[in-house]
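Enquirer: Listed below, chain by chain, are the residues.
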Amino acid sequence: MTQPLLEVKNLVMRFGGLMAVNHVSLDVNEGQIVSLIGPNGAGKTTVFNCISGFYKPSAGEVLFKGKPMHKLPGHLIARHGMVRTFQNIRLFKEMTLLENLLVAQHMHAERNLLKGMLNLPSYKAKEQELEDRSAEWLERVNLLEFANREAGTLAYGQQRRLEIARCMVTQPTLLMLDEPAAGLNPQETQALDQLIIELRDKYSVTLLLIEHDMKLVMGISDQIVVINQGAPLATGTPAEILGNQAVIKAYLGEE
Amino acid sequence: MTKKPLFTNLTSALFAAGLTLFLGASVMGLRLKSEGITLGVELASTQTFIELGLAGLIVFLFQLFRDRIPKLSSSATDRIAILAFLRTDKQQRLWLMLTIAALLVFPFTTGRSNIDLATLVLIYIMLAIGLNIVVGLAGLLDLGYVGFYAVGAYTYGLLYTYFGFSFWQALPVAGLFAAITGWLLGYPVLRLRGDYLAIVTLGFGEIIRLLLNNLTELTGGPNGVSSIPKPTLFGLEFSRRGDNTFHEFFGIAYDPVHRVIFLYLLALLLVMLSIYIIRRLIRMPIGRAWEALREDEIACRSLGMSPTNIKLSAFTIGATFAGFAGAFFATRQSFISPESFAFIESAIILAIVVLGGMGSQLGVVLAAIAMVLLPELAREFNEYRMLLFGLMMVLMMIWRPQGLLPAKRPHRELKTTNAEVK
Amino acid sequence: MVPTMNESISYFIQQVINGLTVGSTYALIAIGYTMVYGIIGMINFAHGEIYMLGTYITFIVIAGLTLLGIESLPFILIAALIISMMVAGAYGFTIERVAYRPVRSSKRLIALISAIGMSIFLQNYMRLAQGSRDLAQQSIISGSWSLGTDEISVNLAYMQLIIFVITLICMVLLTLFISRSRVGRACRACSQDAGMTNLLGINTNHMIAATFVIGAMLAAVAGVLLGLYYGVVNPMIGFIAGLKAFTAAVLGGIGSIPGAVLGGLILGTAETMTGAYFSAQYKDVVAFSLLCLILLFRPSGLLGKPEVEKI
Ligand SMILES: Nc1ncnc2c1ncn2[C@@H]1O[C@H](COP(=O)(O)OP(=O)(O)O)[C@@H](O)[C@H]1O
Ligand SMILES: [Mg+2]
Chain D
0 MTQPLLEVKN LVMRFGGLMA VNHVSLDVNE GQIVSLIGPN GAGKTTVFNC
50 ISGFYKPSAG EVLFKGKPMH KLPGHLIARH GMVRTFQNIR LFKEMTLLEN
100 LLVAQHMHAE RNLLKGMLNL PSYKAKEQEL EDRSAEWLER VNLLEFANRE
150 AGTLAYGQQR RLEIARCMVT QPTLLMLDEP AAGLNPQETQ ALDQLIIELR
200 DKYSVTLLLI EHDMKLVMGI SDQIVVINQG APLATGTPAE ILGNQAVIKA
250 YLGEE
Chain V
0 MTKKPLFTNL TSALFAAGLT LFLGASVMGL RLKSEGITLG VELASTQTFI
50 ELGLAGLIVF LFQLFRDRIP KLSSSATDRI AILAFLRTDK QQRLWLMLTI
100 AALLVFPFTT GRSNIDLATL VLIYIMLAIG LNIVVGLAGL LDLGYVGFYA
150 VGAYTYGLLY TYFGFSFWQA LPVAGLFAAI TGWLLGYPVL RLRGDYLAIV
200 TLGFGEIIRL LLNNLTELTG GPNGVSSIPK PTLFGLEFSR RGDNTFHEFF
250 GIAYDPVHRV IFLYLLALLL VMLSIYIIRR LIRMPIGRAW EALREDEIAC
300 RSLGMSPTNI KLSAFTIGAT FAGFAGAFFA TRQSFISPES FAFIESAIIL
350 AIVVLGGMGS QLGVVLAAIA MVLLPELARE FNEYRMLLFG LMMVLMMIWR
400 PQGLLPAKRP HRELKTTNAE VK
Chain U
0 MVPTMNESIS YFIQQVINGL TVGSTYALIA IGYTMVYGII GMINFAHGEI
50 YMLGTYITFI VIAGLTLLGI ESLPFILIAA LIISMMVAGA YGFTIERVAY
100 RPVRSSKRLI ALISAIGMSI FLQNYMRLAQ GSRDLAQQSI ISGSWSLGTD
150 EISVNLAYMQ LIIFVITLIC MVLLTLFISR SRVGRACRAC SQDAGMTNLL
200 GINTNHMIAA TFVIGAMLAA VAGVLLGLYY GVVNPMIGFI AGLKAFTAAV
250 LGGIGSIPGA VLGGLILGTA ETMTGAYFSA QYKDVVAFSL LCLILLFRPS
300 GLLGKPEVEK I
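Residue numbers (numbering that gives the first Met the number 0), protein chains in the order written: chain D, 0 to 254; chain V, 0 to 421; chain U, 0 to 310.
No lab work stands behind these hints: they were computed from the structure. Every value quoted in this text rests on a predicted model; they were computed, and no experiment measured them. Glycine residues also receive a C-beta, built at the ideal position from the N, C-alpha and C atoms. It cannot be assumed that every hint is accurate.
[Said to hold, decoys possible] Taking lysine to aspartate or glutamate and the DMTMM-like style, the derived pairs with C-alpha atoms no more than 20 Å apart in a straight line are:
{"hint": "1", "chain 1": "D", "residue 1": "Lys92", "chain 2": "V", "residue 2": "Glu412"}
{"hint": "2", "chain 1": "D", "residue 1": "Lys125", "chain 2": "V", "residue 2": "Glu412"}
{"hint": "3", "chain 1": "V", "residue 1": "Lys414", "chain 2": "D", "residue 2": "Glu60"}
{"hint": "4", "chain 1": "D", "residue 1": "Lys92", "chain 2": "V", "residue 2": "Glu296"}
{"hint": "5", "chain 1": "D", "residue 1": "Lys55", "chain 2": "V", "residue 2": "Glu296"}
{"hint": "6", "chain 1": "D", "residue 1": "Lys55", "chain 2": "D", "residue 2": "Glu6"}
{"hint": "7", "chain 1": "D", "residue 1": "Lys55", "chain 2": "U", "residue 2": "Glu306"}
{"hint": "8", "chain 1": "V", "residue 1": "Lys32", "chain 2": "U", "residue 2": "Asp133"}
{"hint": "9", "chain 1": "V", "residue 1": "Lys414", "chain 2": "D", "residue 2": "Glu135"}
{"hint": "10", "chain 1": "D", "residue 1": "Lys64", "chain 2": "D", "residue 2": "Asp26"}
{"hint": "11", "chain 1": "U", "residue 1": "Lys106", "chain 2": "V", "residue 2": "Glu296"}
{"hint": "12", "chain 1": "V", "residue 1": "Lys414", "chain 2": "D", "residue 2": "Glu144"}
{"hint": "13", "chain 1": "D", "residue 1": "Lys66", "chain 2": "D", "residue 2": "Asp26"}
{"hint": "14", "chain 1": "D", "residue 1": "Lys92", "chain 2": "V", "residue 2": "Asp295"}
{"hint": "15", "chain 1": "D", "residue 1": "Lys92", "chain 2": "D", "residue 2": "Glu109"}
{"hint": "16", "chain 1": "D", "residue 1": "Lys70", "chain 2": "U", "residue 2": "Glu308"}
{"hint": "17", "chain 1": "V", "residue 1": "Lys414", "chain 2": "D", "residue 2": "Glu149"}
{"hint": "18", "chain 1": "U", "residue 1": "Lys106", "chain 2": "D", "residue 2": "Glu149"}
{"hint": "19", "chain 1": "D", "residue 1": "Lys55", "chain 2": "U", "residue 2": "Glu308"}
{"hint": "20", "chain 1": "V", "residue 1": "Lys414", "chain 2": "D", "residue 2": "Glu128"}
{"hint": "21", "chain 1": "D", "residue 1": "Lys64", "chain 2": "D", "residue 2": "Glu29"}
{"hint": "22", "chain 1": "U", "residue 1": "Lys309", "chain 2": "V", "residue 2": "Glu412"}
{"hint": "23", "chain 1": "V", "residue 1": "Lys407", "chain 2": "D", "residue 2": "Glu93"}
{"hint": "24", "chain 1": "D", "residue 1": "Lys70", "chain 2": "U", "residue 2": "Glu306"}
{"hint": "25", "chain 1": "U", "residue 1": "Lys106", "chain 2": "D", "residue 2": "Glu93"}
{"hint": "26", "chain 1": "D", "residue 1": "Lys8", "chain 2": "D", "residue 2": "Glu29"}
{"hint": "27", "chain 1": "U", "residue 1": "Lys106", "chain 2": "V", "residue 2": "Glu412"}
{"hint": "28", "chain 1": "U", "residue 1": "Lys309", "chain 2": "D", "residue 2": "Glu178"}
{"hint": "29", "chain 1": "V", "residue 1": "Lys407", "chain 2": "D", "residue 2": "Glu149"}
{"hint": "30", "chain 1": "V", "residue 1": "Lys414", "chain 2": "D", "residue 2": "Glu138"}
{"hint": "31", "chain 1": "D", "residue 1": "Lys8", "chain 2": "D", "residue 2": "Glu60"}
{"hint": "32", "chain 1": "D", "residue 1": "Lys123", "chain 2": "D", "residue 2": "Glu109"}
{"hint": "33", "chain 1": "U", "residue 1": "Lys309", "chain 2": "V", "residue 2": "Asp295"}
{"hint": "34", "chain 1": "V", "residue 1": "Lys414", "chain 2": "D", "residue 2": "Glu29"}
{"hint": "35", "chain 1": "D", "residue 1": "Lys123", "chain 2": "V", "residue 2": "Glu412"}
{"hint": "36", "chain 1": "V", "residue 1": "Lys414", "chain 2": "D", "residue 2": "Asp26"}
[Said to hold, decoys possible] From chain U, some residues computed to sit far from chain V (all C-beta separations above 12 Å):
{"hint": "37", "residue": "Met4"}
{"hint": "38", "residue": "Ile12"}
{"hint": "39", "residue": "Arg132"}
{"hint": "40", "residue": "Ile177"}
Use the sequences and the hints to build the structure in full.
Expert: So, in structure tokens, the structure goes:
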């Protein structure tokens, strides 16, 4: 068997006395869609924060393509090709949609100050390339017409799509979405469903999701990891999870 | 907003007025005066009490009618209204040309002291532009900016004193030293939260001043460094006698004003260059990163941007500008001492940035002109200058945090057929 | 001449006493920074100015009472304390109302600039009101005890003792107030979760105002004590003292009241030692360098808990 793209081993995160994450392990294979589910406060976002380097795990390992990530600061992890969205959307609200996507490509931009200052052809070409990619993704998420608007003026569902586009312009290998369907209406959720599948199939991105919408999760996930009160509860395919008594009791029973 | 009936405001207005009178009277009512080895007090002048009463009345009326005072518009759109005559690129270019021409002609139409004053304004513009990168663009509150200014000035002063450097040799070194200082200070502190940064930079500015004051053998201590020479034009000196003087070379009569004009033109050149550089930076990836960082540092990190490096670039570039301005200051004054680099200078520069509009180049330029000229024109205003600057900073933050002439946005627009055009 | 062993020890102990004296007043000012930080998460830049104001008021009260022919020392001291605290409290209240509350929900940078503006304003306001010269007040409490044996002896000035006692009383009162009184408990609740406290029907605005007033009163006490101790005042003293006290607060762990006290004592001692063994000119440099070092290596301070920003 090939090595998983992302391996999380025995992750532990403590906040003072609180064990927010208690020995959680999960694997994400390349090309898969893996969902992390669990009741509110289960520690899902905290797992994300540990993986993406925003929190320093109290114990455990995070390996990406076999390389340890858990000691790196967040921005270096992102440069390895692992990017994420946030549960409470974090756009650059006072910048336009286009600028949001341009900023996101900072790593790919021509950052040589001298070339930029002199406006050299190579610099111009690079900027044009970034702009083209931005326009392409704005079109893909149906936001092209708002390209020159401030991101803060968008409706909620549009902001969620822009956040995904902003991740995608960085050309990631692994995309982590924290509750992407939260606050979306049924049509928007439907469209999101398709977008996620397309990201995997057309752009060959691997996905790790946190999601509460069971229909969405069961429909698109290859693997599901359930955690409850920080501790791992079950791992398996959607069918296995649906048949798991412990999960039904602890989680689905609540619904 | 619905207007409340007046009497609901009456109690709060009375309270506010009473508080004002209490605050004022407690501090100003009795005036301390030295009497030999001890202190005495005397009742403040009648005028003080009249002013105090007026202040109470104003506060009372303001509180009473505060719901009826129209709110200052807080959108950036009014910039368009102010600058309506700059609507198209062509008009902009025309105005720019006219302004530059006027600035070039200016020194030949006026006297020496005015030119000298204009040079001072230009130095402040340079400082304000530099600080605007740090505060306005990158959103970092740097309260020790004057420290870099001091580094620049002393670099020139000391290099001249010890090694006989000329202005032109020292200028790049001054910028470089200031940049290095900025980098060295910024590297450890820029990962701190914003308010810590403010305090640490404040402390840093003070340390620089204290060091300049105390390292007497090296810096001359409180006596400073004097007889710093003026710049030369390709080796031509602007002095009456010498081997290679400007007036002999061009065969004209010696006039001390030439030197002042030359310095002015140099400062003008450097300011224009600075403005050009900033205009480019804003549109470059680094400028976008500054703006993004100002808005959401966490989002930036999640996209692979290193907040420390991005802040550091702003901090270092800002410091470089201060370094250049410092060298200019040293050569204009011919004399520098630690006194010129007190916190109050940082505060003035910050006040300029705040008044003009954080991130706005034109706003900051106009504010620098106003802030430097006003005290010169109205001498009696001088005493109240810092008081008003402080008050203005508070009021601006409450009513118009984006400044009088807010920054123009966006810097980049998508021009495809599908995108709405503003 | 080389000092004897005993002289060196005496000198050292004397410096510790002097350091703790200054340190305890730093602690009083630092508490204001820490409390305000705890409740609204920002640095009250104008706090040092309140201390300066306290010293001016003290001098005014002393001079005023002397003019009226009152010479009872305890009466003068208590009057100075009460009046300074009242005036400072009123200023603290007003500052919060004018410069902080309107910008509380704005970006951090905006609030910071407003705070800096307020600080500059107060400095210059005082300069206009009372002049910018140094004003010296002849010390009204002089004399000291000589403590120790023949070999090792140190002096404890009465004024130093007064500083220790009054500081201690303030600390005890503050602790009682915070842990026992209704307002104190509400303040603590606010600093843990303002939103929640608000939902519980406690007016957060009032609690914040109360915090500013208490902080200002403590700074005023420091102003009275240091004013009597040093006997000089000018409009700029708040600037440096504020920086020092802030350093103390950060050193102890900003947000922690015992931390502020500890930090104040450490800083006061460190600074006095520098003055005693190196050069008085570098006292301030030491304080700032200390600040930079703590922020670099232990931003959460000695007693503060490292907190993880919730994302
Ligand atoms: N930075 C933090 N500091 C303290 N507690 C935290 C922090 N982040 C998360 N927690 C706590 O960890 C637990 C799990 O939170 P979270 O991961 O957001 O849950 P979920 O995303 O599954 O709803 C919660 O009890 C939350 O209060
Ligand atoms: Mg969550």
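Enquirer: It remains to establish, for every hint, whether it holds in the given structure.
Expert: These are the hints, each one checked on the structure:
With a C-alpha separation of about 16 Å, the suggested pairing of D/Lys92 with V/Glu412 holds against the 20 Å cut-off. Distance check on the hinted pair: D/Lys125 and V/Glu412 sit about 16 Å apart at the alpha-carbon level, within 20 Å; holds. Restraint check for V/Lys414 and D/Glu60: the C-alpha separation of about 46 Å exceeds 20 Å, so the hint is violated. This hinted pair checks out: D/Lys92 and V/Glu296 have alpha carbons roughly 13 Å apart, not beyond 20 Å.
Our distance criterion of 20 Å between C-alpha atoms is met by D/Lys55 and V/Glu296, whose separation comes to about 17 Å. A C-alpha spacing of about 16 Å is found between D/Lys55 and D/Glu6, which places the hinted pair at or below 20 Å, so the restraint holds. Between D/Lys55 and U/Glu306 the CA atoms are separated by roughly 12 Å; this keeps the pair inside 20 Å, and the hint holds. A distance of roughly 10 Å separates the Cα atoms of V/Lys32 and U/Asp133; the hinted pair therefore holds under the 20 Å criterion.
Among the hinted pairs, V/Lys414 with D/Glu135 is consistent with the structure: their alpha-carbon atoms are about 13 Å apart, no more than 20 Å. Proximity of D/Lys64 to D/Asp26 is assessed by CA-CA distance (about 11 Å); at most 20 Å being required, the pair is judged to hold. At most 20 Å may separate the alpha-carbon atoms for a hinted pair to count; U/Lys106 and V/Glu296 meet this at roughly 13 Å. Proposed proximity of V/Lys414 and D/Glu144 is supported: the alpha carbons are some 11 Å apart, at most 20 Å.
Between D/Lys66 and D/Asp26 the CA atoms are separated by roughly 14 Å; this keeps the pair inside 20 Å, and the hint holds. Restraint check for D/Lys92 and V/Asp295: the C-alpha separation of about 9 Å stays at or below 20 Å, so the hint holds. The straight-line distance between the Cα atoms of D/Lys92 and D/Glu109 is roughly 24 Å, outside the 20 Å bound, and the hint therefore fails. A C-alpha spacing of about 18 Å is found between D/Lys70 and U/Glu308, which places the hinted pair at or below 20 Å, so the restraint holds.
Restraint check for V/Lys414 and D/Glu149: the C-alpha separation of about 16 Å stays at or below 20 Å, so the hint holds. A C-alpha spacing of about 18 Å is found between U/Lys106 and D/Glu149, which places the hinted pair at or below 20 Å, so the restraint holds. Simply put, D/Lys55 and U/Glu308 have alpha-carbon atoms about 11 Å apart, close enough for the 20 Å limit, and the pair holds. The straight-line distance between the Cα atoms of V/Lys414 and D/Glu128 is roughly 14 Å, inside the 20 Å bound, and the hint therefore holds.
Restraint check: the Cα-Cα separation between D/Lys64 and D/Glu29 comes to about 10 Å, which is no more than 20 Å; the hinted pair holds. Of the supplied pair hints, the one linking U/Lys309 and V/Glu412 is violated, its CA atoms being roughly 34 Å apart against a limit of 20 Å. With a CA separation close to 12 Å, the supplied pair V/Lys407 and D/Glu93 stays within the 20 Å bound. A distance of roughly 18 Å separates the Cα atoms of D/Lys70 and U/Glu306; the hinted pair therefore holds under the 20 Å criterion.
A C-alpha spacing of about 13 Å is found between U/Lys106 and D/Glu93, which places the hinted pair at or below 20 Å, so the restraint holds. For a cut-off of 20 Å, the pair hint linking D/Lys8 to D/Glu29 stands: about 17 Å separates their Cα positions. Taking the CA atoms of U/Lys106 and V/Glu412, the gap is about 26 Å. The hint is violated against a cut of 20 Å. Our distance criterion of 20 Å between C-alpha atoms is met by U/Lys309 and D/Glu178, whose separation comes to about 17 Å.
About 13 Å separates the Cα atoms of V/Lys407 and D/Glu149, which keeps this hinted pair within 20 Å; it holds. Between V/Lys414 and D/Glu138 the CA atoms are separated by roughly 14 Å; this keeps the pair inside 20 Å, and the hint holds. Only pairs whose Cα atoms come within 20 Å are accepted, and D/Lys8 paired with D/Glu60 is accepted, the gap being roughly 5 Å. A C-alpha spacing of about 9 Å is found between D/Lys123 and D/Glu109, which places the hinted pair at or below 20 Å, so the restraint holds.
This hinted pair checks out: U/Lys309 and V/Asp295 have alpha carbons roughly 14 Å apart, not beyond 20 Å. In summary, the hint linking V/Lys414 to D/Glu29 is not supported, as the alpha carbons are separated by about 37 Å, beyond the 20 Å threshold. Our distance criterion of 20 Å between C-alpha atoms is met by D/Lys123 and V/Glu412, whose separation comes to about 15 Å. At roughly 43 Å between alpha-carbon atoms, V/Lys414 and D/Asp26 are farther apart than 20 Å, so this suggested pair is violated.
Listed as a non-interface residue, U/Met4 keeps its Cβ farther than 12 Å from every Cβ of chain V; the least gap is roughly 32 Å. No Cβ of chain V comes within 12 Å of the Cβ of U/Ile12; the nearest lies about 28 Å off, and the non-interface call holds. With a least CB separation of 8 Å from chain V, U/Arg132 falls inside the 12 Å interface cut-off, contrary to its annotation. Its beta-carbon lying about 23 Å from the closest one in chain V, U/Ile177 satisfies the requirement of being farther than 12 Å from that chain.
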